[in-house]
Amino acid sequence: MKYYIISKIELGEDESLKFTDVGQTDDVNVSNEINEGYDSTLGKFTGENRTKLELGIVKISTFFETTDYVNEARTMVENVDNLNLNAITNVSEL
Amino acid sequence: MASATKGNQTSNKSTPGATFKQLSHTQNSGSNRVIIAFFQISNGNNKSFTGATYGGDAMTELYIINRGGLASRMAVYYMIDPPEGANTLRVNFNQQNWNSMSFYARSFTDCGGIGAHLKEGGSTSPHNENLTVENDSLIMMTCASNAAIQTMQIPTGTTVPDINHTTNKNIGVGAISNSGHSAGSIPLRTTVNNNNVTLDAVEIKGLSGGGSTNNSDFFLVM
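Those protein sequences? They're chains D and F, same order as listed. Oh and the first sequence: position 78 is 77 in numbering that gives the first Met the number 0, straight run, nothing missing. Oh and the second sequence: position 80 is 79 in numbering that gives the first Met the number 0, straight run, nothing missing.
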């Protein structure tokens with residue numbers, strides 16, 4: 000059985016990303032919908048600015064000036080018994 | 000006298016956006032526990048790994064290799080007798096990492112430890128190598144290429160499932176023998192479409208191959 004861990008991504012300390020696990024799903028459609036949301040927002044920003052972010056020319060806080068957080072679901076596990084995460088069946092539950 | 004028992008897997012492809020990446024990974028309960036982790040990052044701006052921990056304790060570095068032709072650095076870390084249950088698996092970098100990375104871990108129980116390994120650079124597909132292992136060992140493989148990974152074969156001729164991560168390159172991880180091998184030289188193969196592909200392999204020993212007896216149960220029959 001495969002489960003997708005849903006992570007909430009926020010602005011962390013020192014211009015970094017902070018990941019917090021907020022749920023899990025075994026529905027690939029739910030994980031795909033979450034990842035499409037990530038790809039069109041934070042994923043797009045980091046993709047366009049990778050080198051500048053690494054060189055400190057662009058700051059990630061710029062992105063979070065207009066967005067509080069983004070979700071991503073690209074962690075796959077086989078066991079969620081000990082993770083204490085709610086099962087998510089619809090993105091609206093997040 | 001048996002192969003290691005395959006346990007939980009955790010895999011992730013994402014942009015760390017920090018000087019580390021960490022995930023929760025659940026180590027299965029049992030004796031002779033081992034966890035092994037495979038990582039791949041872009042080597043842009045001379046990025047590299049500076050260590051990995053599980054449950055806050057340092058893991059042992061098996062190798063870190065720079066793959067200049069693939070603009071990548073790949074690493075394998077492991078821990079003997081890691082703590083059971085859900086713990087944080089963390090890999091650290093020498094600077095903030097804003098490129099997508101490949102992160103994979105698998106747990107074992109009844110495992111005799113980590114044995115032989117090889118880490119061969121890009122070669123025209125099909126890339127063939129051999130790894131000499133002890134009786135009952137499993138083999139895990141990872142590979143990288145500019146092209147999409149087609150197959151990972153353990154042994155050659157037997158395609159095993161793998162997880163594909165598209166980071167700055169195409170990465171295949173999680174490939175593992177279906178069952179233990181007999182002692183000797185095991186042919187291995189990775190394939191991509193009309194391109195070069197690397198081939199890394201690690202021996203996961205069974206208990207017949209020796210290893211720790213920590214946490215084993217012994218019974219004296221009178």
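Be aware that one or more of the hints could be misleading.
[As the list claims (entries may be wrong)] Okay, the calculated bits of chain F under chain D, using three or more residues with CB under 8 angstroms as the criterion:
| id | segment |
| --- | --- |
| 1 | 10 to 23 |
| 2 | 188 to 200 |
[What the hints assert, rightly or not] As a list, the in silico SDA-like pairs of lysine to any residue whose alpha-carbon atoms are at most 25 angstroms apart:
| id | chain 1 | residue 1 | chain 2 | residue 2 |
| --- | --- | --- | --- | --- |
| 3 | D | Lys-17 | F | Pro-154 |
| 4 | D | Lys-17 | F | Ala-182 |
| 5 | D | Lys-1 | F | Thr-166 |
| 6 | D | Lys-1 | F | Thr-165 |
| 7 | D | Lys-43 | F | Asp-56 |
[Claimed, not checked] Which residues of chain D face chain F? A partial, calculated answer using Cβ under 10 angstroms:
| id | residue |
| --- | --- |
| 8 | Ser-6 |
| 9 | Leu-16 |
| 10 | Val-21 |
| 11 | Asp-25 |
| 12 | Asn-28 |
Because the hints were derived from the structure by calculation, they are not lab data. Note that the coordinates shown come from a computational prediction; the quantities given were computed from them, not determined experimentally. Don't be surprised by glycine CBs; every beta carbon is placed ideally from N, CA and C.
- request: Please flag the earlier hints that this structure goes against, numbers listed from lowest up.
  value: Hint check: 2, 3, 4, 7, 10, 11, 12 fail, others pass.
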